[in-house]
Amino acid sequence: MPEPRKGARVITLSFRIAGGDFDSAGLATRKLKDQLAKLGVDGPALRRAMIAAYEAEMNVVIHARCGTLWARVDETKLDLEVADEGPGIPDVELAMREGWSTASDQARQMGFGAGLGLPNIRRSSDRFQIETRVGRGTLIKSTILFGEAGETQAEPVVVPLGMEGSRCRSCRRCVFACPVGALRVRDSQPLLLDDLCIGCTACIEECPDAVFGIRDSAAALPPIPEGALLLIPRGFLAAFPVRSPLRVLAVFRDLGFAEVRLLDEWDESLLAEARREARSGKLPVPRIPPLCPPAVSLIESRFPSLIPHLSLLRSSAETAGEEFPLRSVFLVAACPGQYAACKRSSLTDRLTVIAPGTLKTAILAHLGALSVERESELIAGPRGTPAPGEAAASGVRGVMRALSTAETGALGEVSVLDLRLCAGGCSASPLICPYPVIAGPAWNVECRGEPAGIAARARPFRQRPGVRLDVDMAQAMLKLSQIDKEIRSLPGRDCGSCGAPSCAAFAEDLVLGRAAQSDCPYRENTP
Amino acid sequence: MNLQQIATALGLENLTHELSAEEAGNMDRAHASDLLSDVLANAPAGGLLITIQVHMNVVAVAVHAGLKAVIFASGMKPPEDVRAKAVAEKVSLFTTGESTFDVAGKLYEMGLRGK
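In order, the protein sequences belong to chains A and B.
Here numbering that gives the first Met the number 0 is used: the first residue of the first sequence is 0, the next is one more, and so on.
Here numbering that gives the first Met the number 0 is used: the first residue of the second sequence is 0, the next is one more, and so on.
These are computed hints drawn from the structure, not numbers from a lab.
None of these values were measured; they are calculated from a predicted model.
Every residue, glycine too, gets a C-beta built ideally from N, C-alpha and C.
Errors might be hidden in some of the hints.
Once the Cα atoms are required to be at most 35 Å apart in a straight line, the calculated DSBU-like pairs of lysine-lysine come out as [claimed, not checked]: (1) K84/B - K37/A; (2) K76/B - K30/A; (3) K76/B - K89/B; (4) K281/A - K105/B; (5) K76/B - K105/B; (6) K114/B - K37/A; (7) K89/B - K37/A; (8) K114/B - K281/A; (9) K30/A - K89/B; (10) K84/B - K30/A; (11) K76/B - K114/B; (12) K114/B - K30/A; (13) K84/B - K114/B; (14) K37/A - K76/B.
Sample of chain B residues lacking proximity to chain A, with all beta carbon distances greater than 12 Å (derived) [stated by the list, open to error]: (15) Q3; (16) R82; (17) E97; (18) S98.
Make a model of the complete structure from these sequences and hints.
Structure representation (structure tokens):
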């Protein structure tokens, strides 16, 4: 059993569970409840914790020889792990379905074994994971957040799009590339409207002068503790002038990472959950799993009518970053949006989110010294192409077109929509891999590990208001009419000479004082 | 309506005289089920449960779900250790010869509701 960090306000508890002992069943949960109550946990969080713990405990009693319920509590959450020595679960997906059970007649007569246990645990958890080996046993992990503490206490993170303004040549390609019109070029400098930025890589991809990047809070790779886990998008393995993923993996080991996992695995978990949702028939299709945080932000700001289509889950990277609360985890973010999302939702201080460039520098320094290619757990495996009835789109234009189509309802019976704002997905982010042609299917490797989980989102997705014209409603309406008037006096060519992507955007800039009348060379009526 | 009033109106046999049926407070929610996972997930906290399950785990589930009372229908009666446990956990127990359906129907008529 891992020890909690010394000095932290963390309490760990563990209880033994005897299989088949229906008389003492529930004892571990009862003891846990007493402890949680003493710690001041109450209300819906306590009830959810009890449901998860009791169902997991009953699973051990019903199915296994013995087991352990282990709990880790801090001020914001409860991490539960219930491990058993038992038969394991041959088909987890089947076991997750309501009504499916392999319980004994004895258990059924007592009102158990109705096939509701695992679904109950999942519904009660903010994070849920199940690992199982047939003939060996099952491990259930569940995290319960106390209130919305984990998400509400966190400071809102400004999208960490870094800009080297001195490199800008005012070519204005970024202004037109930005899917939400968040960029201007003024006084030979890029200007970012923070409230609009969704953290994608469109400007990074488009800029010929490398003005944009992730503003990493760490300038260099921090020391790597023993046993650290590295989470990367697959394409990061192809980001080096070494044409063997095994070699790159060996460098990761040399740098001190004990294990490497690909974030793509969590994409697959989210897609599987979206498929389950689509099959349930209760939710609007296509289901859109939140694989790509900027794509989610794009929906929240430009396609709010599609918000009900989003699976209420944390993004793949957020889920992965939080899945190992007892280990030191380093996560390489593929874009500013993913970087911000992982930082914002992190509940542990054991997760370090890093910009790809920071780790690349450290790796390149190591590559020369490396000589041995070690055996690793890499295996070849096909990356799931869209299944029948599913659709996928990547790249800004592809995603915009997919969302516009979905908005009109023309996607019909498409069950799942796989969206990634980087053309080719995270692996082909301009920050991740300079050779996108080999970052995708050609670099088809998988790191073997425990199955990746999913995690529920504590807060619903909400429409993003964008820039408010004024905090005062009356002033805002006045400004809106001024913007209308300005638009009429502009040529409407959307030429971009002024540094804004369109005449409408320029009119707004004028009224909000972000631009001067003289910025437009074609303006008809000079006052 | 408190538990004592409900017990009187339905002619329930009180199995836990050690507990005060008045003190349990107002009772306006109930759940009827023999599947304990369903009770756990769906029974309204502070309410009562109608079931024919009489084993120890019913008490555990009632405690975890925050239920104040259990009515055993169809003449079911729990063993003494279950009864004693319920007293210790302050869960009132009642029994009646009527079926779950009839008990639920009468409680509904008296204004009690599910979730």
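Hints versus structure:
no., hint, in the structure
1, K84/B - K37/A, "holds (21 Å)"
2, K76/B - K30/A, "holds (27 Å)"
3, K76/B - K89/B, "holds (18 Å)"
4, K281/A - K105/B, "holds (33 Å)"
5, K76/B - K105/B, "holds (20 Å)"
6, K114/B - K37/A, "holds (28 Å)"
7, K89/B - K37/A, "holds (18 Å)"
8, K114/B - K281/A, "holds (20 Å)"
9, K30/A - K89/B, "holds (16 Å)"
10, K84/B - K30/A, "holds (15 Å)"
11, K76/B - K114/B, "holds (26 Å)"
12, K114/B - K30/A, "holds (27 Å)"
13, K84/B - K114/B, "holds (26 Å)"
14, K37/A - K76/B, "holds (34 Å)"
15, Q3, "holds (27 Å)"
16, R82, "holds (15 Å)"
17, E97, "holds (20 Å)"
18, S98, "holds (17 Å)"
The structure fails none of the hints (numbered hints given earlier).
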